[in-house]
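The primary structure of each chain is shown beneath.
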Amino acid sequence: MLEADGLKKSFGNIVATDDVSVQFGKEDGEMVFIVGPNGAGKSTLVNLLTGLLEPDEGAVTLDGQDITTMRADQRVHEGLVRSFQVVKVFEEMTVRENIRTALLIKRKKTGGLGPRAIWEGLFSLDDEHEAIERTIDDLVEQFRLDDVEEAIAEELPHGDRKLLDVAMSFALDPNYLLLDEPTSGVSAQETDYVIETIVEVSESQNVTTVTIEHDMDLVKNHADRVIALHQGSVHGEGPPTMLETDQELRRLLLGVEE
Amino acid sequence: MSYTDRLRDWLLTDDAALMLGVMTGLYALFTVFGTVLGLNFAGIVSTLQQITFFAAVYALLALALNLQWGYAGLLNIGVAGFMAVAVYTMAMLTAPVNAPAGGVPGLGLPIWVGILGGMTVAAVAGGVVALPALRLKADYFAIVTLAFAEIIRITYNSQLFQTFSVAGFEMGTGASRGIPAPTNPVLSLYYTDPSNYSAGTTAFGSMVFGAFGAIGLDEALVVDITYTLILIGFLVLYYVLLSRIANSPFGRVLKAIRNDELVARSLGKNTRWFKIKTFMLGCALMGFAGILWQGSQSLITPTQFTPMLTFYIFIALIIGGAGSNTGSVIGGALFAGLLFQGPVFVSRIVETVFSLGTAPNTFPDAVAGLAALRVEPLLAYTLSNLASLRFVIVGLVLIYLMLKQPTGILGHRKEIAASIDITERVSRENSVTPHKAR
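If you're matching them up, the sequences are chains W and E in order. Note that this note's numbering has the first sequence beginning at 1, numbered continuously upward. Note that this note's numbering has the second sequence beginning at 1, numbered continuously upward.
Worth double-checking, as some hints may not be accurate.
Below, computed lysine-lysine pairings styled on BS3-like, alpha-carbon distance capped at 27 Å [as the list claims (entries may be wrong)]:
#1 K88(W) <-> K106(W)
#2 K404(E) <-> K106(W)
#3 K106(W) <-> K26(W)
#4 K275(E) <-> K88(W)
#5 K137(E) <-> K88(W)
Some chain W residues flagged as far from chain E (calculated, every beta-carbon gap over 12 Å) [what the hints assert, rightly or not]:
#6 M1
#7 G6
#8 G12
#9 V15
#10 E30
#11 E57
#12 Q65
#13 D73
#14 Q74
#15 E91
#16 K106
#17 Q205
#18 D217
#19 D224
#20 R225
#21 E248
These are computed hints drawn from the structure, not numbers from a lab. Every residue gets a Cβ at the ideal spot worked out from N, C-alpha and C, and that includes glycine.
Make the full structure from the sequences, and use the hints.
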């Protein structure tokens, strides 16, 4: 269970999140969508949960452990992984190389300051080749990148680049995956495909995926649960039907007056 | 695969060919220069030895800087300061306890202790600078390193530390008068008493001096050649070590950091520690290169460590291409040969070929000659201000590189993560259509 308890964060006079308390995660994973108008504090919440920002007040707990002051990179090893709104891949590498790099970098071997860690970081040869290549095969297939696996990342269409980005997050073997607008900049035709793929893989691996998304149809179709933010606070949370029934929310999100 | 097989494979690579080609080109050029100047065989050999020496030291320093700047993106413009720390520490540790009158007392430790001590102190200094400074943005980090280097140089220049005592041990920096460097260990290979040549040569010394004397090379030149060969040995070590690092899991993280630090962190790496470790290692390597270079001169003074030295090393790396180890070596060689020593020889040739007479003292005097359609005063003036002319040439080269080849000679190359065959990928590139029908 990933929990935010009374998270508050201000930037100068602007309160980005104000006393936000939310919970994510079930045994077999769940698909949560965060919705809200621009400036509602969606990205700030993701940044607070993943450790890119430190809250002014409140706490973050992961499976019962207080991780409020834990560094972002340490949280990755605890199974809390994120992707960014902008596609972050190694542009000059192929799809396979990108995933391989993520898999190789994730390993703890290169951490630490002890003589052994330094020695292994500098001089150990890459081992576990076969296991790694098999994992790449699986990920490439799951994310339907198999027909472009040898293409250079920067030459891919945007939707595939995004899928590669998410595939690299999955290479880190997350329990909780936070995706900041995975369909941002993706063409309308590709959007469904990207979200469908992400939902499919998340479900098959029992990963709790928290996605910031603006396309309400996608949210309705794929969400187990929706959390709506407005002006830094939780406006409401519930099943996706909430998007139909909550008139106040419809007005905030869509500007619909009824 | 055995080491000899690996060596043979490596010698067949483009990189090896490129490095050997550049050196051969420089040797050919300076042989021509020497011949035009009417140097004898020993003179030409001495010239080539000097070119090799400077090529090697600049390559060593460019390689160390490449680790920091090329791989980790750490803009260190205090290279001279870290060299100074190492060289001074080495000199202060090894200076004799009972210094002769007017000398600087030290701890009298063996030279290898001095070298290790120098490298360690340089690494620690790097850590001390990097620890707080890495919280800053890249350009502010650069300013901190430059400030550090100047503080170091001015401190070593200070009368306050000319001699001082710590816990009863007398030592000092010699301030502006400098501190004598320890005797070059190569000398004890050849002479029974390095401080007194007339005491005779060792058996090995007699043999080598005899052999080289037969072809007209004197003892001093043989010693210099030996030292230069040792430098080349260390250059090979640096190259192998840094190539190994580049292809290690550690190097892979560095490249991820350079690509996008946020991604590296999102992949679960504490990027700050990686940068600090890299910076410290780079400083230790710079320190050792400094010891090999400045420590081989008889006297060490603060004037040897001005920021200009740092910029020379940067230019060498920029020419070769940041991010490439082979580029670092080539950049070091080209800088040392064409920009550093080249102008000296060209001006000597011009002076020999055209007898220019005495150079005018001021620029107006030099230009005044043009009115009378005489270019010699301007030419003589230019050549007598060679140090400044070198800056002009370096500036022109930098502008040219920025316009035509902003990544340097080899910087455009993608030396990516380990176990990825780059060449193989290039051949595949054309056969793959990235856009799939859907």
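Is D224(W) truly not at the interface, in the sense that its beta carbon sits beyond 12 Å from all beta carbons of chain E? Label holds. Min Cβ-Cβ 25 Å, cutoff 12 Å.
Reported absence of E91(W) from the contact zone with chain E (all CB gaps over 12 Å): Non-interface label fails for E91(W): nearest chain E Cβ at 8 Å, not farther than 12 Å.
Quick check for students: does the CB of V15(W) sit more than 12 Å from each CB in chain E? With a cut-off of 12 Å, V15(W) remains clear of chain E, as the shortest Cβ separation is near 25 Å.
Confirm or reject the statement that D73(W) sits farther than 12 Å, beta carbon to beta carbon, from all of chain E. 5 Å, violated
If I take the minimum Cβ distance from E248(W) to any residue of chain E, is it greater than 12 Å? 35 Å, holds
If we take the beta carbon of G12(W), is the closest beta carbon in chain E still more than 12 Å away? At about 20 Å from chain E, G12(W) clears the 12 Å cut-off, so the statement holds.
Under the criterion that the straight-line Cα-Cα distance not exceed 27 Å, is the pair K137(E), K88(W) satisfied? Between K137(E) and K88(W) the Cα gap is close to 20 Å, so the pair holds against 27 Å.
For E30(W), which was marked as not at the interface, is the minimum beta-carbon distance to chain E over 12 Å? 22 Å, holds
Given pair status - K88(W), K275(E), alpha carbons within 27 Å: 20 Å, holds
Taking 27 Å as the top limit, are the C-alpha atoms of K404(E) and K106(W) close enough? Between K404(E) and K106(W) the Cα gap is close to 38 Å, so the pair fails against 27 Å, i.e. violated.
27 Å Cα cutoff - pair K88(W), K106(W): OK: K88(W) and K106(W) at ~16 Å, within 27 Å.
D217(W) non-interfacial with respect to chain E [C-beta, more than 12 Å]: 20 Å, holds
Of the numbered hints given earlier, the model fails hints 2, 13, 14, 15 and 16; all others are met.
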